[in-house]
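Residues 1 to 367 in full-length UniProt numbering are what the sequence shown spells out, letter by letter.
There could be a bad hint or two in this list.
[Said to hold, decoys possible] Label pairs and their in silico Cβ distance ranges:
{"id": "1", "residue 1": "326", "residue 2": "288", "range": "24 to 34 Å"}
{"id": "2", "residue 1": "232", "residue 2": "60", "range": "35 to 45 Å"}
{"id": "3", "residue 1": "266", "residue 2": "97", "range": "42 to 52 Å"}
{"id": "4", "residue 1": "26", "residue 2": "97", "range": "36 to 46 Å"}
[Unchecked claim] Computed list of lysine to any residue pairs in SDA-like fashion (alpha-carbon distance at most 20 Å, straight line):
{"id": "5", "residue 1": "94", "residue 2": "269"}
{"id": "6", "residue 1": "295", "residue 2": "269"}
{"id": "7", "residue 1": "88", "residue 2": "47"}
{"id": "8", "residue 1": "276", "residue 2": "257"}
{"id": "9", "residue 1": "88", "residue 2": "102"}
{"id": "10", "residue 1": "12", "residue 2": "39"}
{"id": "11", "residue 1": "344", "residue 2": "56"}
{"id": "12", "residue 1": "295", "residue 2": "159"}
{"id": "13", "residue 1": "344", "residue 2": "95"}
{"id": "14", "residue 1": "277", "residue 2": "243"}
{"id": "15", "residue 1": "344", "residue 2": "11"}
{"id": "16", "residue 1": "12", "residue 2": "61"}
{"id": "17", "residue 1": "94", "residue 2": "61"}
{"id": "18", "residue 1": "357", "residue 2": "331"}
{"id": "19", "residue 1": "344", "residue 2": "326"}
Read the hints as simulated data drawn from the structure, not as lab findings. Glycine included, C-beta positions come from ideal geometry on N, C-alpha and C.
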Amino acid sequence: MTCDFPIEISEKYAVRMFLEEPEAHLLGAGAYGEVFLVRRVGRAEESTLALKRCFDCLVLDDPATLKRTYREIAVLRQARHTNIVALKDVVLPKTGCDLYLVFELASQDLERAIRYNLFDEISRRRVSYDVASGLNFLHLCGLMHRDVKPSNILLDDSGRAKLCDFGFVRYVSCASSAKAFTEYVGMRWYRAPELLLGSTSYNQNIDVWSFGCVVAEMALGRPLISGMDAEEQLGLIVGLCLGRRPTRSEADILCIQPDHALCFVRTSPLGPSLEKKLSSVASSQELELLRSCLKLSPAERSSAAEILQNPLYTDLQEAETAPAGEPVRLIIDEQDTPPELILKAIEDEVQLLNQGKTCPAQERSGA
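Given these sequences and hints, build the entire structure.
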């Protein structure tokens, strides 16, 4: 763990605490960065925040990482919702290739909460409703998350859930102008079957599949489907959804290449069905919700909006009025863009955030 911060950080955030007890203020660490507990200098309100140090994400020789960094900042600046983690600040140091993102503070992620078995049926409903609400808003903004999994869902002190990590987000392709997307997205255990089979014309329904896997994991206390490789994962999915080998017509609905379709119809089912796996730990309403999400056919899966209207959530719908999702503006998406222009786009996004422009309408009006 490192404790050296550039002057741009130390001027705005109290980081001297790290020198005395660095471990006490380290919230998380991985290969790509560290997250620290910090306090905003001279601010009484919202003084405790999470500072994410992203390693080497501004390197011009790594355009893929630059794009992910751009998407993360651009989406979080514009897609403001109760169930999407709030980006408070971005710091671009004058030297070095690290980037610093400042977020509202969350007490833990869902992966850790599941590990410690913190959920009963009531809390599962609350968290899953929050996740569906965040996804619905994102989908209304014309986007798909593409990496929904427990470690990308944060929980605040009151137990409310917030989606995070938007580096893999993409626009949804319209049927009239479909374009190919990256095939490898999301962790295998939460990846929709069409992705495992190589589809490159998928849509928001991949997020719904991942959502179903997350909800089931909260009930089970372990991942619903945890194949060692893509082949085993497909076998477990076929066993979960069908309990038999798929037919050619069932392969065709996944919009995959003929050779992948042939591979799919030869897939032998592995493991128990959804009902056998969950009947002892999930209520009948939860099972019904999961059946509607974990469909082989993307078109047959419930939408996020339909999930919110599921009878499981009747007592949570109350008077909540979700904001209408306005299309998020991403000037850099799938096209090949020179790294220098991507870096300039990141700098522009930081400037817009600092100007308080947190939605597309403000950006257009110059407000």
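Check each numbered hint from earlier against the structure, then list the numbers of those it violates in ascending order. Violated hints: 4, 5, 8, 12, 15, 16 and 19; rest satisfied.
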